[in-house]
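Protein sequence lines correspond, in order, to chains X and L. For the first sequence, counting from 1, position 135 maps to 135 in my numbering; every step adds exactly one. For the second sequence, counting from 1, position 168 maps to 368 in my numbering; every step adds exactly one.
Don't take each hint at face value.
Unchecked claim - For lysine to any residue, the following SDA-like pairs were computed, each having C-alpha atoms within a straight-line distance of at most 20 Å:
(1) Lys-68/X with Ala-213/L
(2) Lys-385/L with Asp-152/X
(3) Lys-385/L with Glu-10/X
(4) Lys-276/L with Arg-60/X
(5) Lys-168/X with Val-148/X
(6) Lys-385/L with Gly-31/X
(7) Lys-368/L with Lys-385/L
To be verified - With the C-beta cut set under 10 Å, the calculated list includes, among others, these residues of chain L facing chain X:
(8) Pro-205
(9) Glu-210
(10) Ala-349
Don't read these hints as lab results, they were simulated from the structure. We put the CB at the ideal spot given by N, CA and C, even for glycine.
In case you want the letters, here they are:
2 protein chains.
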Amino acid sequence: MESNPQRHAEKMAARKASRDRIMATKTILKGLLIVHTGLGKGKSTAAFGMAMRAIGHGQRVAIVQFVKGAWSSGEKTVFEKFPDLVTIRAMGEGFTWETQDRERDIAAATRAWAAACEFMADPAINLLILDELNIVLRYDYLPLAEIVAALDARRDGLHIVVTGRHAKAELIAAADLVTEMTLVKHPFKSGVKAQAGIEF
Amino acid sequence: MESNPQRHAEKMAARKASRDRIMATKTILKGLLIVHTGLGKGKSTAAFGMAMRAIGHGQRVAIVQFVKGAWSSGEKTVFEKFPDLVTIRAMGEGFTWETQDRERDIAAATRAWAAACEFMADPAINLLILDELNIVLRYDYLPLAEIVAALDARRDGLHIVVTGRHAKAELIAAADLVTEMTLVKHPFKSGVKAQAGIEF
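Take these sequences, add in the hints, and give me the full structure.
Okay, structure coming up:
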């Protein structure tokens, strides 16, 4: 790190000028297709944070949960305070290793996707979160090409966030913004139990 | 993927049994030191989502912003709806490339850390978010060893989330849960402008 104040100020001024030049080139406004994937934590939580931020701007948010149990009581309590701005459809039947019934999982995923299509067609919705859609796609419960084409053909001004580990390459190719949450260290590994407000 | 229903059910049953065995070993309840780092998006947003989830459980949250501008109007509008549960101290003076004054940055960081210490000592606080502390530590604006020791000595039941790119190795070593947000793809690269509800 630079300890000379004069040189520090010069370096920082150069950095600011560079950043200002980059920002001036950003002029397109469009609805983004955003993907949160990876084996780390924070995929659904960051989507939840984005939902809250949109609500703060008075925007309308719809959430389709493709897998039951991914979001829990903490989130729901908060969303319920904004009934005019948030619509949630919890369609999943639980993780596949809980249900052990592929046909039922496919039927639930198909219903969830139908709900997603309704929200995509509703011009009142500004942000659509398709929580754990990646898991459903990974197990081939829905036709990948058709889903990616529909997401890609979203209307102007609709932002869509898709969460879940193991995002398909075709979805990443169609996305505007992809973040991979990587697990560096996890307390489960040292025997710490899931806790209210942190894990659920 | 397995298309035979019988084999699918067997595989999922084995996975559930394995997961149940792992969960049964998790018995320690403690306040976690959590780090969100990496060059990708979602570090502060996931912390914000955790704050909202904690609020949903009726827990009290304190946030110290070490760098001004990292969180913005969307978040603040939401937090203001829960004045009894959320306290925010915005201490930073803007990104260093905006201020170009190292001495002022150090003074601001020192004040922010004093606020963090107050919250750590307040038994009413359940979750403390030290937003962009990593940036301040990276520029050596605060004494690393002292900060890590204080975080490590947090009281029982206090969860602390530290955000910001370039987390120091000493902090990662002390943390219980570390997630790295990796940038896979970013719309700025294709000329898309920052938008309300997504970027701020």
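These are the hints, each one checked on the structure:
Taken as a hint, the Lys-68/X and Ala-213/L pair is honoured in the structure, with Cα atoms around 17 Å apart against an allowance of 20 Å. Only pairs whose Cα atoms come within 20 Å are accepted, and Lys-385/L paired with Asp-152/X is accepted, the gap being roughly 16 Å. For the hint linking Lys-385/L to Glu-10/X, the alpha-carbon distance of about 31 Å lies beyond 20 Å, and the restraint is violated. This hinted pair checks out: Lys-276/L and Arg-60/X have alpha carbons roughly 17 Å apart, not beyond 20 Å.
For a cut-off of 20 Å, the pair hint linking Lys-168/X to Val-148/X stands: about 10 Å separates their Cα positions. Only pairs whose Cα atoms come within 20 Å are accepted, and Lys-385/L paired with Gly-31/X is accepted, the gap being roughly 15 Å. The suggested pairing of Lys-368/L with Lys-385/L is violated, with an alpha-carbon distance near 25 Å, which exceeds 20 Å. Taking 10 Å as the C-beta cut-off, the interface hint given for Pro-205/L holds, the closest approach to chain X being about 6 Å.
Below 10 Å, beta-carbon pairs count as interface contacts, and Glu-210/L has one with chain X at about 8 Å; its hint therefore holds. For Ala-349/L, the suggested interface contact is broken, since its CB lies about 19 Å from the closest CB of chain X, more than 10 Å.
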